[in-house]
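These protein sequences, in sequence, are chains A and B. Going by the numbering used here, 155 is the number at position 155 of the first sequence; the sequence numbering is gapless. Take the position in the second sequence, starting the count at 1, then add 323; the result is the number in the numbering used here.
Keep in mind that the hints were calculated from the coordinates and are not lab data. Glycine residues also receive a C-beta, built at the ideal position from the N, C-alpha and C atoms. Be aware that a few hints might be false.
List of simulated lysine-lysine pairs, DSS-like, C-alpha gap at most 27 angstroms [as the list claims (entries may be wrong)]:
1. A:183 / B:445
2. B:657 / A:183
3. A:183 / B:485
4. A:183 / B:618
Every beta carbon over 10 angstroms from chain B, so not counted as near; a handful from chain A, in silico [what the hints assert, rightly or not]:
5. 81
6. 93
7. 103
8. 173
9. 175
10. 180
11. 183
12. 185
13. 188
14. 191
15. 192
16. 213
17. 233
18. 258
Not close to chain B: a few residues of chain A, all C-beta gaps over 10 angstroms, as computed [said to hold, decoys possible]:
19. 100
20. 177
21. 207
22. 236
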Amino acid sequence: MRSHRNKRFTFSNSLLIIGLLFLYLPMIIMIIYSFNESRLVTVWAGFSTKWYGELFADTQLLQAIGMSLEIAFWSSCMAVVLGTMAAFVMTRYRRFRGKTAFSSMITAPLVMPDVITGLSLLLLFVAMANTIGWPAERGMLTIWIAHVTFCAAYATVVISSRLREVDRSIEEAAMDLGATPFKTFFQITLPGIAPALAAGWLLSFTLSLDDLVIASFVSGPGATTLPMVVFSSVRLGISPKINALATLIILAVSLAAFITWWFMRRQETRRLQMINIKDYEADQMQLSYEPSADQTNTRRVTSTINVTPPKNCHSSDKHKTAI
Amino acid sequence: MFNPGSSKDQPILQIQSVSKQFDDSLAVDHVSLDIPKGEIFALLGASGSGKSTLLRMLAGFEKPTSGRIILNGQDITHLPPYERPINMMFQSYALFPHMTVEQNIAYGLKQDKLPKETIGQKVHEMLQLVDMSQFARRKPHQLSGGQRQRVALARSLAKQPKLLLLDEPMGALDKKLRTRMQLELVDIIEKVGVTCLMVTHDQEEAMTMAHRIAIMDAGWIVQVGSPTDIYETPNSRMAAEFIGSINMFEGRITQDEADHVVIESHLLNAPVRIGHGIATALENPDIWVAVRPEKTRVTREKPATDNNWSSGTIDDIAYLGTHSVYYVKLDSGKIIQANMANIERHGDRPTWNDPVYVSWEESSPVVLNS
C-alpha cells in the first residue's frame, strides 16, 4: 500500500522531473521574462507585451529573419538535390575506384568544425573574387553556397540510408515494364524516398537557420542572418526584444512539431484500420475458398478418440495400434 | 505422354551458349536452350546454381559475358530491359507501393503511350482475368499475399509479352496457398497462351507447373525433359538425387545382353537384373544402379526370384499418413528407403528391427554411369 502511494516519488520519476526541468526551465524563464515590463532583463517589473510590439517595429531584425528564412529555404532545396544525387551514386552505382573515398569525403563536413569550414570557404571566396571576379561581393549568395555545402552532407546521410533500404526489384520491375532508367527514377524511386527527402530538407532547414559561425565568416556588409543579429545584440547588452523573439520561435517550433505529430498519428490510425479491414476480408476469403478441410479432419479424429478408449501404446507398436 | 511443348514450331526463345562471369566465378556456363511457343518451362536448381542469373540475363538486368539470346528471331542479347518484349513477375512481386492495383497494372501500358481508353479497357480485362476487379483501388499493402501475386501476374501479362518470366513464383506464399496458386497460375498462363520460363528451387512446384524442366547445377544444365522423363529416367546421379529420393548402389555389369542386363553389387545379396538392354554400350562396366523408394517393396517373405532383392532389418520408420517410409539396413550396412502406401487403416506391417527383404521389379532400376 505504502509503496503504491509513494509511486510518484520513485527514483526514475524524480530523474524524469529533474531532466525535464533541466531542459525546459531556461526556456520557461525566458518566456516569462519576455513579458517583463522592465528594460533590464533580470529585474521583474510587472507584466507587459510591449517588447513584442517593439520587436515587430524593428525592421533590421525582421529583415534578418526574412533573410535567414530565405537562405534556409534555398539551401535546403539545393542540399536535398545534391544529397539525392550523391546518395544515388553511393548506393546504386557498382563499385568504382574511389567509391569509399567518395562516400567518406561526402560526409566529412559532418565532423568538420564550423570554424574551419567557415574560414576555408571565406578564403575560397576571396581567392575567387580576386581571380575570376565572382562572387563580386560576399552576402546572401556566399552564405547560401556555404550552407549548401554542409547541409548537403547531412541530407546525403539521411537520403542514402533510406535509398539503401528501397527494394531494388521495384526499380527493376519499372524498367522491365518499359520505363527508362530516367523515368524509373522520377516515377518510382523518388516517391519511394519522399519521406527521407522531406526529413533531409527539414534537417537542412534547421541547420541553416541555426548556423552562426559559418555565416559570420562568409557574409558581407549587406547580409545579416537572424543568429548574427541576436548574437551581436546580446553582446551589446541583452534587449528583452530578443526574449520576445525567442518566445515566438519556440511557439512556432512547438506548433510545427505538434502538427507533424498529429498528422502522423492520424495516418497511423488510418493504416491500422486498413489492416484490420484487410485481415477481416482475407479471413472471409480463406473461409469461402477452403471448405475447412482441417476442421473436418479434426472433427473426425476427435470422434474416433472418443469412441476408442486409449490403449497402452508401445513405441514399436505404433504402426499396428488401431486408433 | 502429355507434352504440349514438343510441337515442331520454330522455338520462340533460343539461348545460345550463354555464359556469365562474375569477378572470378562462372555463374552460368555455356547454357543452350530452345523453348517452343506456349511452353511453361522451369529452371530447377539449388541456390547458387545460376538459374536466377540466367533469368536476369533474359530480363536484361545482367549482360551475358558471351553467347546470344534470340527471341522470336530477333537477337535481344544487348537490348536494355525496357526495350525487350519480355515481362517478369518478381519473387517479392515488386508492386509499386505508392500506386493502386489499377495503376500498377496500367504502368507498363502507359510506357507504350497507348490512348487512355485502351489502357482502361486492358486494365479491366486483366483485373477480370486474375479475378481482382473488386480490389482495383486498393494499394498493395492492403492486399493479402495471394492477391498481391495475382496483381503482379496481371501487371506482367498486361503488355502481352512474348515471354513471361517467373522468379520463384510461390516463394513468398505459405504452403497451403501455394498448391492452390500453382494450379491457378498455370490456368491463367495457359488461357493467355504466353510462353513462360520460371525459376524455382522447389521440385514439387516445377513438376506441378511446368511442361518441361531443366535441372541446373553449378551453372550447367544437367538434364532437360518432362517431369516424367526427369523423374523416371534421370541421366546422371546428380539428376537422380536432385529430384525426390533414390537408392543408389555401386555395381559392375556382368552380363550385357540385348534383352537384359545383370549387375553385381557388393551392397546387395542378390544380383540386379534389368529386363531390357541398356541403350548405350558402356566402356566401363563400373556403374551405379538406382531404384526409387516407391518402387521398392518391403516383405517378410523371401522373394521367389534369384535376383532383385536383398535382406536386411528395419532401422527406422517414418509414418507420413499417406505412406510410410521404411529405412532398411541391408546386411552390407547400406541403408535404403522404401515407401509403402498405407492403403489399409490397420494392416499388419513390419516394424522396428524386423528381418525383412527388399525387392523390386525388373523394370524399376535405372543404370547411371555418371
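- Hints the structure violates: just list their numbers, smallest first. 2, 4, 8, 9, 10, 11, 13, 14, 15, 20
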